[in-house]
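Visitor: Spelled out, the chains give:
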Amino acid sequence: MKILVAVKRVADANVKVRAKADGSAADLANVKMAINPFCEIAVEEAVRLKEKGVATEVVVVSMGDKACQEQIRTALALGADRGIHVETDVDLQPLAIAKMLKAIVDKESSELIILGKQSIDGDNNQTGQMLAALAGIPQGTFASEVVIEDGKAAVTREIDGGLQTISLSLPAVVTTDLRLNEPRYASLPNIMKAKRKPLDVVSPADLGVDPAPGVTTLKVEAPAERQAGIIVESVEELVDKLKNEAKVI
Amino acid sequence: MNAVASSLSDATLNAIKALLGDEQVLLDKASLEHYGRDWTTAYDPAPAAILLPRTIAEVQAVVQLANREGLALVPSGGRTGLSGGAVATNAELVVALDKINHIDNFNALDRTVDCGAGVITEQLQNYAREQGLLYPVDFASSGSSQIGGNIATNAGGIQVIRYGMTRDWVAGLKVVTGTGELLDLNCGLMKNNAGYDLRQLFIGAEGTLGIIVEATMKLTRPPKDLNVLVLGVQEFAAIMQVLEVFQQKIDLTAFEFFSEKALQKVVERCELPRPFESATEYYALLEFETLTEGTLDEVMALFEHCVEQGWVIDGVISQSETQARNLWRLREDISETISHWTPYKNDISTRVSKIPEFLIEVEQVVSEHYPDFEIIWFGHIGDGNVHLNILKPETLDREEFLRQCSRVSQWVFEIVQRYGGSISAEHGVGLLKKDYLGYSRSEAEIAYMKAIKAVFDPNNIMNPGKIF
Ligand SMILES: Cc1cc2nc3c(=O)[nH]c(=O)nc-3n(C[C@H](O)[C@H](O)[C@H](O)COP(=O)(O)OP(=O)(O)OC[C@H]3O[C@@H](n4cnc5c(N)ncnc54)[C@H](O)[C@@H]3O)c2cc1C
Chain A
1 MKILVAVKRV
11 ADANVKVRAK
21 ADGSAADLAN
31 VKMAINPFCE
41 IAVEEAVRLK
51 EKGVATEVVV
61 VSMGDKACQE
71 QIRTALALGA
81 DRGIHVETDV
91 DLQPLAIAKM
101 LKAIVDKESS
111 ELIILGKQSI
121 DGDNNQTGQM
131 LAALAGIPQG
141 TFASEVVIED
151 GKAAVTREID
161 GGLQTISLSL
171 PAVVTTDLRL
181 NEPRYASLPN
191 IMKAKRKPLD
201 VVSPADLGVD
211 PAPGVTTLKV
221 EAPAERQAGI
231 IVESVEELVD
241 KLKNEAKVI
Chain B
1001 MNAVASSLSD
1011 ATLNAIKALL
1021 GDEQVLLDKA
1031 SLEHYGRDWT
1041 TAYDPAPAAI
1051 LLPRTIAEVQ
1061 AVVQLANREG
1071 LALVPSGGRT
1081 GLSGGAVATN
1091 AELVVALDKI
1101 NHIDNFNALD
1111 RTVDCGAGVI
1121 TEQLQNYARE
1131 QGLLYPVDFA
1141 SSGSSQIGGN
1151 IATNAGGIQV
1161 IRYGMTRDWV
1171 AGLKVVTGTG
1181 ELLDLNCGLM
1191 KNNAGYDLRQ
1201 LFIGAEGTLG
1211 IIVEATMKLT
1221 RPPKDLNVLV
1231 LGVQEFAAIM
1241 QVLEVFQQKI
1251 DLTAFEFFSE
1261 KALQKVVERC
1271 ELPRPFESAT
1281 EYYALLEFET
1291 LTEGTLDEVM
1301 ALFEHCVEQG
1311 WVIDGVISQS
1321 ETQARNLWRL
1331 REDISETISH
1341 WTPYKNDIST
1351 RVSKIPEFLI
1361 EVEQVVSEHY
1371 PDFEIIWFGH
1381 IGDGNVHLNI
1391 LKPETLDREE
1401 FLRQCSRVSQ
1411 WVFEIVQRYG
1421 GSISAEHGVG
1431 LLKKDYLGYS
1441 RSEAEIAYMK
1451 AIKAVFDPNN
1461 IMNPGKIF
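These protein sequences, in sequence, are chains A and B. The first sequence maps to residues 1 to 249 in the working numbering. The second sequence maps to residues 1001 to 1468 in the working numbering.
Calculated directly from the structure, the hints in this document are not laboratory data. Be aware that a few hints might be false.
Cross-link-like lysine-lysine pairs, in silico, PhoX-like; alpha carbons within 25 Å at most [unchecked claim]:
| # | chain 1 | residue 1 | chain 2 | residue 2 |
| --- | --- | --- | --- | --- |
| 1 | B | K1224 | A | K32 |
| 2 | A | K32 | A | K66 |
| 3 | B | K1224 | B | K1261 |
| 4 | B | K1249 | A | K193 |
| 5 | A | K20 | B | K1224 |
| 6 | A | K152 | A | K107 |
| 7 | A | K16 | B | K1029 |
| 8 | A | K20 | A | K32 |
| 9 | B | K1249 | A | K195 |
| 10 | A | K66 | A | K197 |
| 11 | B | K1029 | B | K1017 |
| 12 | A | K107 | A | K219 |
| 13 | A | K66 | B | K1029 |
| 14 | B | K1249 | A | K32 |
| 15 | A | K2 | A | K152 |
| 16 | A | K2 | A | K99 |
Selected chain A positions facing chain B (Cβ under 7 Å, derived; list incomplete) [unchecked claim]:
| # | residue |
| --- | --- |
| 17 | A11 |
| 18 | D12 |
| 19 | A13 |
| 20 | N14 |
| 21 | T74 |
| 22 | A103 |
| 23 | L178 |
| 24 | E182 |
| 25 | Y185 |
| 26 | S187 |
None of the values given here were measured: they were computed from a predicted structure. By construction, the Cβ of each residue, glycine as well, lies at the ideal position given by its N, Cα and C atoms.
Using the sequences plus the hints, can you model the full thing?
Guide: Below, the structure is given as structure tokens:
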């Protein structure tokens, strides 16, 4: 079985991102970048399926400017077999990404496509679902467990207030939730081996997709600052403030 | 020299209250216990009163009064000290600097800022960050320790290999000496060879020469893109070879080590993933600044070299800030993790090059006499500073364990002496190690130290009984 994994380059989860002064976008100059945490989980799951002998090949794809190759190399160091970089400077949005993924799935005849449920920058939670629709194949979103058996994928989904297990016929799209697995570190010997693994670069045009965005960002602003706490002198004062200022009791 | 009143007369107490105001003098039992001890637990606090001066003039007035009345003073910061330096067991007056905590006169060109002694270390770190700069002295207790206490102990921490100790960040110092005189030392100058640099004497003096009231602290550019590497090695000596080759090429901000035993305990109790599958005897944790793209290539090349030489078995590098933090936890969570086994602890140093032999000797002597003792090693190996920890065997009761450990201390300090090392790398002498000072300092040195103390504190009122 061939697995395709999509990874996105995003600002590191631990970086405090600020809005640009003109409010046009987040300011990413000199910000540390990393693989989107949900995509990292997707890579780990694919690699585990390969280690179990379920998958024969894990192909990792990332889209964006040249720097994305860093994240592809990381995924290769984690155990993916080869990489595809769709190089473009255009601001990519879920629909364009899903269209390009669809083209790659067709070309690669991938049987399982694993993606993060969302990226921590755009927070769209759309790409996996759009890809499944465009490709006309089943989807298992928010996966916390994936078992491949008898040509089917049993996916346990994290839903409000519980878990739901569904069975998908392959090929299928799976999007990962946080509890699916704990990703490993990239070992240095594997990082070195990853340098010799194949990485193809293609353009959106090669895939027959126009990546132009359909949505325009009007404004990006930081959340309101939390006010500093105060220390009250007595229980009476606390009750008074809760009653008359905060108006919660 | 030893005229210390055992308890306060009403007249004295009234005089103190007249100087500071009633509210700045604490006498209740809870406050006496709270302010009378530091992080050590071996000593029973018994101060006479707690004083909270609000100005430098008030500190001077207190010291002058203490001289007149023959009262002993214990300067007190965040009381996170690990040697009993801030402990008051003998009816002393504790002078807590908490209320002298202004941060002002930031100068972007000089890259300095003035801090009251009572500023919490973390407040200075945050202040620096707001200016786009860094105050680089950092350790696990920085949320409670004070700048005055850091200077009085010359605190180190996890990035000494790159940034040095607290001493390197003090551009100016205001101190009230044991006579009550205010000295303004060095005034923020970079260069000042006009006579003795008295500032340096007060740094690391553990409050025995005077009270630090204000400091001009240096700040620096924050590092760019820190990455963390954890390497597995089988032989301890290989860690030093790794250090040597990396230091030649890379600007390390940290070089720490820990043993497989330490790692097992942390992984188990903190539910952290192991860095890699192979288990090796020791691990080195390196942190470095990624200044250019070439840095990472250089690091990879060095790693390959270390593997080819047979020094390193396996290794990982952080791929994100989250991973960097988790890798750091493998080292930083050790102390807390092993506290479960009420360990014996010792903080010692030798020259970096002598560490491997030193470690083996200590290990031999301990396991020869006490084969049941489990030894956990970790520390700032790049600075020649190791933390020796011995876990209490479950079957041994605490008293007996402590008795056996005091024999261990004796042996360890004898080895330290033979290696020309230090009985206290970072944590000072205080009460805890004063009986062992002779293992690191000659009689002549100690005599000079006492003579210097007599100059600044002729009536021996400043933290008497500490260090020697
Ligand atoms: C979890 C933990 C981790 C630690 N890690 C490290 C580490 O990595 N590196 C390290 O070096 N230390 C470490 N320490 C030890 C301790 O935090 C440092 O020694 C710190 O500098 C003490 O500062 P403090 O304000 O708490 O001083 P205190 O404990 O209050 O006092 C320490 C000494 O300084 C004197 N003193 C305090 N304030 C003044 C003043 N204004 N003027 C004159 N004398 C004064 C006191 O009399 C005493 O002798 C650690 C401690 C803990 C609890």
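Visitor: Work down the list of hints and note, for each, if the structure agrees.
Guide: Hints, verified against the model:
Between K1224 of chain B and K32 of chain A the CA atoms are separated by roughly 9 Å; this keeps the pair inside 25 Å, and the hint holds. Between K32 of chain A and K66 of chain A the CA atoms are separated by roughly 16 Å; this keeps the pair inside 25 Å, and the hint holds. This hinted pair does not check out: K1224 of chain B and K1261 of chain B have alpha carbons roughly 33 Å apart, beyond 25 Å. Note on K1249 of chain B and K193 of chain A: the hinted pairing holds, with a Cα-Cα distance of about 23 Å set against a maximum of 25 Å.
Only pairs whose Cα atoms come within 25 Å are accepted, and K20 of chain A paired with K1224 of chain B is accepted, the gap being roughly 20 Å. Taking the CA atoms of K152 of chain A and K107 of chain A, the gap is about 21 Å. The hint holds against a cut of 25 Å. The straight-line distance between the Cα atoms of K16 of chain A and K1029 of chain B is roughly 44 Å, outside the 25 Å bound, and the hint therefore fails. Our distance criterion of 25 Å between C-alpha atoms is met by K20 of chain A and K32 of chain A, whose separation comes to about 16 Å.
Simply put, K1249 of chain B and K195 of chain A have alpha-carbon atoms about 22 Å apart, close enough for the 25 Å limit, and the pair holds. The hinted pair formed by K66 of chain A and K197 of chain A meets the criterion: a straight-line CA distance of about 17 Å does not exceed 25 Å. Of the supplied pair hints, the one linking K1029 of chain B and K1017 of chain B holds, its CA atoms being roughly 18 Å apart against a limit of 25 Å. For the given pair, K107 of chain A sits about 38 Å from K219 of chain A by alpha-carbon distance, which is inconsistent with the 25 Å threshold.
For the proposed pair K66 of chain A and K1029 of chain B, the alpha carbon gap of about 66 Å is over 25 Å, so the pair is violated. For the hint linking K1249 of chain B to K32 of chain A, the alpha-carbon distance of about 23 Å falls within 25 Å, and the restraint holds. For the hint linking K2 of chain A to K152 of chain A, the alpha-carbon distance of about 14 Å falls within 25 Å, and the restraint holds. For the suggested pair K2 of chain A and K99 of chain A, the alpha carbons sit about 19 Å apart, so the restraint of at most 25 Å is met.
The criterion of a C-beta within 7 Å of any C-beta in chain B is not met by A11 of chain A, whose closest approach is roughly 10 Å, and the hint is violated. Contact between D12 of chain A and chain B, as hinted, is supported at the beta carbon level, the nearest pair being about 4 Å apart and thus within 7 Å. A cut of 7 Å between beta carbons decides the hint on A13 of chain A: the least distance to chain B is about 6 Å, and the hint holds. For the restraint placing N14 of chain A at the interface with chain B, the shortest Cβ-Cβ distance is roughly 4 Å, inside the 7 Å limit, so the hint holds.
A hinted interface residue such as T74 of chain A counts as satisfied when its beta carbon comes closer than 7 Å to some beta carbon of chain B; here the least separation is about 5 Å, so the hint holds. A distance limit of 7 Å between C-beta atoms decides the matter here; for A103 of chain A the minimum to chain B is near 28 Å, and the interface restraint is violated. Taken as an interface hint, L178 of chain A does not check out: its beta carbon lies about 12 Å from the nearest beta carbon of chain B, beyond 7 Å. Taking 7 Å as the C-beta contact cut-off toward chain B, the hint placing E182 of chain A at the interface holds, the least distance being around 6 Å.
Given hint, Y185 of chain A at the interface with chain B, holds; its Cβ is 4 Å from that chain's nearest Cβ, closer than 7 Å. The beta carbon of S187 of chain A comes within 5 Å of a beta carbon in chain B, closer than 7 Å, and the hint placing it at the interface holds.
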